[in-house]
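Participant: The residues making up each chain are set out below.
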Amino acid sequence: MPEFEVFVGAKHPQTPQIRGLFIFSYVVMEQLWDGIREGLRLFFTGDPILWEIILLSARVSGIALVLSSVLGVPLGALLGLNRFKGRRLVQAIVYTGMGLPPVVVGLAVYILLSQGGILGPLNLAWVPKLFTVPAMIVAQVIIATPMIIGYTMSAVAEVNPDLRLQVRSLGATRLQTTLAVLREARLGVVVAIVGGLGSIISEVGAVMMVGGNIDGSTRVLTTAIMLETRRGNLDLAIGLGIVLLLLSFLINFGVTQLQGKGK
Amino acid sequence: MMEPIYQLSNLQKIYEGRTVVDIEHLEIEPGEILAVVGPSGAGKSSLLRMLNFLEYPDNGELRYQSKPVTPNLPIEVRRQVTTVFQHPALLHDSVENNIRYGLKLRGQSDSTDQVHSVLERMGLVALRKAQARTLSGGEAQRVALARAMVLRPAVLLMDEPTANLDPYNVGLIEEVARQINQEMRTTIILVTHNVFQARRLSSRVALMLNGRIIEIAPTHSFFENPTDPRTRAFVQGEMIY
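Top line first, the protein sequences correspond to chains W and Z. To convert, count from 1 in the first sequence and add 218; that's my numbering. To convert, count from 1 in the second sequence and add 102; that's my numbering.
Warning: the hint list may mix true and false statements.
Chain W stretches covered by chain Z per the calculated footprint, using a threshold of three residues with CB under 8 Å from any CB of chain Z [what the hints assert, rightly or not]:
#1 283-297
#2 414-422
Pairwise CB distance ranges, derived in the manner of DEER restraints [said to hold, decoys possible]:
#3 Z:Q338 <-> W:K303: 48 to 56 Å
#4 Z:T214 <-> W:P292: 27 to 35 Å
#5 W:F302 <-> Z:P320: 40 to 48 Å
Some chain W residues flagged as far from chain Z (calculated, every beta-carbon gap over 12 Å) [said to hold, decoys possible]:
#6 F242
#7 L405
#8 L464
Quick caveat, the hints were computed from the structure, so don't treat them as lab data. Computed from a predicted structure; not experimentally measured. Glycine included, every Cβ here is placed at the ideal spot set by N, Cα and C.
Given these sequences and hints, build the entire structure.
Facilitator: Set out below in structure tokens:
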């Protein structure tokens, strides 16, 4: 380590404590750097294990996002556009849902689906089994839906109320009015859906509890990062981490582009 | 004699315990231009919202083409009436698509000729691809009128359509309103603060005050021989309450 010796020797007195600290830092940094290089290599050379995990994550979160959007956008529009008795209570429940800890969701879904739980013993065809992809999707839908409802509700409520009156005056039915308002609030609705995706793609607690992180079956990006870090496979863990960061960046970049177009 | 297009009897609208519209009897004839004038807070806009079936009376009866107006009014009947509001609420879209919007709601996708003719008439051809949010106040109001006109409504309600506009746009909007009335026999109900505009455009004028119709008369009589002292005061530009 000639450069290291020069660096330490030039800047600091040769006390054993400081010297030890710098050696430790250097080793960690070198390991990290190797990990990043290896991670990028795995990603860009199409490493089968890495890509299997990426594709499963995309499948689980993609299906969960579609289901959450189908539920969340109309419900958010309904809450944002209509005044009814108990609306504030429903809003408070939605806001609470937006802050649900994923581990608690995981626990609830576990209790619901396990053989010793509520729905598990009934062995119904439509009830997913624990430690399967559908169970993970259920958990992610529960996490993302309140997020999408809440953000959609805010986006719709911000649309100029005169526009609703105008659209109705032009002959819109109730459904056509709702669609017109959603169209006006489209950027907010996109942000709602992206927010929902962000909340599930990066969560680890719920998918770990109900998916079980089974190799080749329920292992997704976040659970794999945890496992590989524990195993000391920092290169693979970093590769997976880079993919998560890239995904997050691409999603946010897409949203900022959309917001720019809307202005 | 033709049946009135609207019949109002003992009609009341109440907001939070305050009666904002209280009309004992009013009939509006098809094809007329009725101007409703009066100070702010007289209940003019609330009346228009009921005539457009956007709100419903709390008491009394409103009949449209002799049929009682209820929340179950068929959509085909609702679509015979539209409003141009004081502040045009345009969609975040192009001028052309804003004008086409009402036709699309009615499932009329092949509407290029109709839209183009209205664009020409309103002097909007050069702006047809422009985004609505980039328009000036006068241009936006012309788009709002074009959007209503392309629907060929039986009744056009106009709520202070030229407030704060420059004389060019005021003149254009008044001229087009007159043409719509003459060519399509569209009934126009115009709410305005501007007594000069009421005099230029309407065939009858009603003065509203505190939710009530104080006086209604043919335009000439309303301005030349008002019977109520409050009407006399209003047409002379005095403050009335």
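Participant: Next, verify each hint and record whether it holds.
Facilitator: Going down the list of hints, with the structure as the test:
| no. | hint | in the structure |
| --- | --- | --- |
| 1 | 283-297 | violated (count 0) |
| 2 | 414-422 | violated (count 0) |
| 3 | Z:Q338 <-> W:K303: 48 to 56 Å | 50 Å, holds |
| 4 | Z:T214 <-> W:P292: 27 to 35 Å | 33 Å, holds |
| 5 | W:F302 <-> Z:P320: 40 to 48 Å | 47 Å, holds |
| 6 | F242 | 57 Å, holds |
| 7 | L405 | 9 Å, violated |
| 8 | L464 | 31 Å, holds |
Checked against the numbered hints above, the structure breaks hints 1, 2 and 7 and satisfies the rest.
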